[in-house]
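Colleague: Going down the list, the sequences are from chains A and B. Quick note on the working numbering: the first sequence kicks off at 436 and runs consecutively. Quick note on the working numbering: the second sequence kicks off at 173 and runs consecutively.
No lab work stands behind these hints, which were simulated from the structure alone. Incorrect hints may have been included.
[Said to hold, decoys possible] Partial selection, computed: residues in chain A whose CB lies under 8 Å from chain B:
1. A586
2. Y604
3. Y605
4. L613
5. N617
6. G618
Since this is a predicted model, take the numbers as computed values, not measurements. All C-beta atoms, glycine included, are put in the ideal place defined by N, C-alpha and C.
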Amino acid sequence: MTLFNVIRRTTLGVAALAALTIGAAAQAETLRVGMECTYAPFNFKNADGSLDGYDVDVAKGVAEILGADLEFVCQKWDGMVPALLANKFDLVVASMSITDSRLEKMDFSAPYRISVGRLVGKKAGDLTLFDDAGAPIAAGFDGLRIGMGRATTYASWFEAKLPGANVVYYDSSEAMYLDLVNGRTDMIMTNPMKAYLKFLSKDDGAGFEFVSPQIDETDYFGVGVGIGLRKGNDDLRDRLNAAVLELTKNGSLETYALKYFPFAIHNEGWEG
Amino acid sequence: MSFDFSLVIDSIPKMLMGLGLTLQLMALSAVLGTVLAVVLLLMRISRRWYLVWPSVTYIYIFRGTPILVQIFIIYYGLPQFEAVRDSIFWPILREPFGCAVLALSLNTGAYVSEILRGGILGVDKGLGEAAAALGLSVRQRFIHITTPIAIRLATPAYSNDIVSLMKSTALASTITLLDMMGIARTIVAETFAPYEVFLSLAVIYMVMTFFIQKAFGRFERHMSRYLKREN
Chain A
436 MTLFNVIRRT TLGVAALAAL TIGAAAQAET LRVGMECTYA PFNFKNADGS LDGYDVDVAK
496 GVAEILGADL EFVCQKWDGM VPALLANKFD LVVASMSITD SRLEKMDFSA PYRISVGRLV
556 GKKAGDLTLF DDAGAPIAAG FDGLRIGMGR ATTYASWFEA KLPGANVVYY DSSEAMYLDL
616 VNGRTDMIMT NPMKAYLKFL SKDDGAGFEF VSPQIDETDY FGVGVGIGLR KGNDDLRDRL
676 NAAVLELTKN GSLETYALKY FPFAIHNEGW EG
Chain B
173 MSFDFSLVID SIPKMLMGLG LTLQLMALSA VLGTVLAVVL LLMRISRRWY LVWPSVTYIY
233 IFRGTPILVQ IFIIYYGLPQ FEAVRDSIFW PILREPFGCA VLALSLNTGA YVSEILRGGI
293 LGVDKGLGEA AAALGLSVRQ RFIHITTPIA IRLATPAYSN DIVSLMKSTA LASTITLLDM
353 MGIARTIVAE TFAPYEVFLS LAVIYMVMTF FIQKAFGRFE RHMSRYLKRE N
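My request is simple: use the sequences and hints to build the entire structure.
Modeller: Right, here's the structure in full:
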C-alpha cells in the first residue's frame with residue numbers, strides 16, 4: 436500500500452465519519468442515488484433536464500417515507516458498482532438485478548420490480564395454457580410453436596416445465612417478432628416490459644396480447660431488481676425494505692408502473 | 173486458454189442429434205436441385221431463345237448472389253406479402269425447413285446445371301457424328317451416347333458441389349432450424365465455449381465430407397469402367 440493510498444483512506448474514513456455525525460445531527464439525511472439517467476422508461480432525463488422514470492419514482496417514494504432528501508447522481512452503467520463502493524453515492528436505484536455475484540460486493544433491498552417472463556400471442560385465441568394456480572398445462576401447448584431467445588432464462592424454464600413443447604430459438608428479437616407476426620410461431624416468451632415497449636404498443640403488435648400470467652419463478656428468472664447499497668448498512672437496508680413494502684401495499688409501485696405500462700411490474704403478493 | 177475435452181465429449185452426441193436434419197436438408201436439396209438442374213440444362217441447350225434466356229438469367233441470379241441472402245429473402249422476405257401467406261405454398265414456406273430446402277435446391281440447381289453443361293460440352297463431337305452415321309436420332313444420341321459420358325465427365329465437379337451443399341446446410345441454423353450447427357450455436361450460447369464446440373462440429377463435417385468423397389469415388393470408377401485397360 437502506497438503512502439498516498441494510506442492518506443486517501445484515512446481522509447475518506449474521517450470524511451465518512453464526519454458525514455455520519457453531521458447526518459445524524461441534521462434534520463434530514465441526504466441520500467445520494469446513483470442511476471444511469473439514460474435508461475428509459477426506468478430512469479431518463481426529460482427535455483427540460485429533469486429526471487423521470489420508474490426508478491426515479493421509486494427513489495422519491497422511498498425518500499419520502501424515510502424522510503430523507505434526495506440527490507441524484509448520473510453514473511455510467513459499467514462504473515455503477517465501483518462508484519457505490521467508492522462512496523460516490525449511497526444507493527443504486529438503476530434497475531439493477533439482484534444477483535449472487537453482486538451480493539458478494541454489495542447489499543440489496545427487497546425487490547421493487549420483479550424479473551418475469553410472459554407469453555405473447557394472437558388476440559382472441561381461446562387457449563387454456565395455465566391453471567388457476569398459474570402452473571402451465573402441458574396439453575394446452577400441444578401443436579403450438581413458441582419462440583424465444585436462444586439460451587435465455589425463458590428457454591431453461593420451458594425445458595424444465597414443458598419439455599415436450601415445440602420451441603424455436605432466436606438470436607435476435609427482431610427475427611422473433613417477425614416470425615410471430617408472420618404466423619410462423621404461435622406465441623413468444625419474453626420480458627413483458629420489452630414486449631410492451633417494442634411490440635404491443637406499436638402498430639405491428641396491434642393484433643397481439645399477453646396470453647399468460649406473469650411467470651416469476653425466481654429459480655429461473657431471478658429475484659428481480661432491488662435498491663443497491665454498500666454492505667454493513669443493515670439499519671438503512673431494513674428501513675429501505677420497510678419503505679419498499681409500504682410502497683407495495685399502498686399501491687404506489689403500481690401507480691408508478693402504470694405511467695409507462697398497462698400492468699404492474701412489482702411483486703404484488705409481497706408481504707415483507 | 174484451456175481446452176476442455178469433457179465439453180467436446182458432452183457436445184458431440186448433442187450435435188449428432190441434429191445429424192438427421194442435416195442429412196435430410198442435404199439429400200432433399202440435392203435431389204430437387206439436380207432435377208431443377210436437368211430442366212435448366214435442357215432449356216439452356218435447346219437453342220430456342222425463349223428457353224435459353226430464362227435459364228441463363230436464372231443461373232446468373234442464383235450463382236451471383238450469396239446463399240445466405242437467398243435464404244433470408246425466402247424466409248423473411250416472402251411472408252411480407254399477404255398473397256404469399258394466403259397461398260397454397262404457405263404450409264411449406266411457413267416452415268423454416270421448407271424455406272431452407274427451397275433455397276438450397278434453387279441455389280444448387282443453378283450450379284449443378286452449369287456442371288452438367290460442362291460435361292455435355294466435354295463429350296467428343298466425333299462420337300455424336302459416328303452415332304448419327306449409324307442412324308441414331310437426335311434424341312437417341314443424346315440419351316444413349318452423350319448423357320452417360322457427360323455424367324462421367326461431370327461427376328468430379330458434381331461431387332464437389334454436393335460437398336459444398338452439405339456445408340451450406342449449416343446456414344439453415346440462421347432461420348431457427350436445429351441442425352448440427354443450430355445445436356452447436358445453442359451449446360455455445362449456454363457454455364460460452366465456442367472453441368471446443370465449433371472445433372468438434374468441424375470434425376463432424378469433415379468426417380461427412382470424407383464419406384461423400386468415398387461414395388463419389390466409387391461411382392466415378394463405376395462410370396469409367398469402360399476406360400479401364402484389361403490386363
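Colleague: The structure should be examined with respect to each hint, and the outcome stated for every one.
Modeller: Results of checking the hints against the structure:
Annotation: A/A586 was flagged as interfacial toward chain B, and the flag holds, the nearest CB pair being 3 Å apart, inside 8 Å. Interface restraint check for A/Y604: the shortest CB-CB distance to chain B comes to about 6 Å, inside 8 Å, so the restraint holds. Taking 8 Å as the C-beta contact cut-off toward chain B, the hint placing A/Y605 at the interface holds, the least distance being around 6 Å. Look at A/L613: its Cβ gets to within about 6 Å of chain B, closer than 8 Å, so that hint holds up.
A cut of 8 Å between beta carbons decides the hint on A/N617: the least distance to chain B is about 4 Å, and the hint holds. At about 7 Å, the closest approach between the beta carbon of A/G618 and any beta carbon in chain B falls short of 8 Å, and the interface hint on this residue holds.
In terms of the numbered hints stated before, the structure departs from none.
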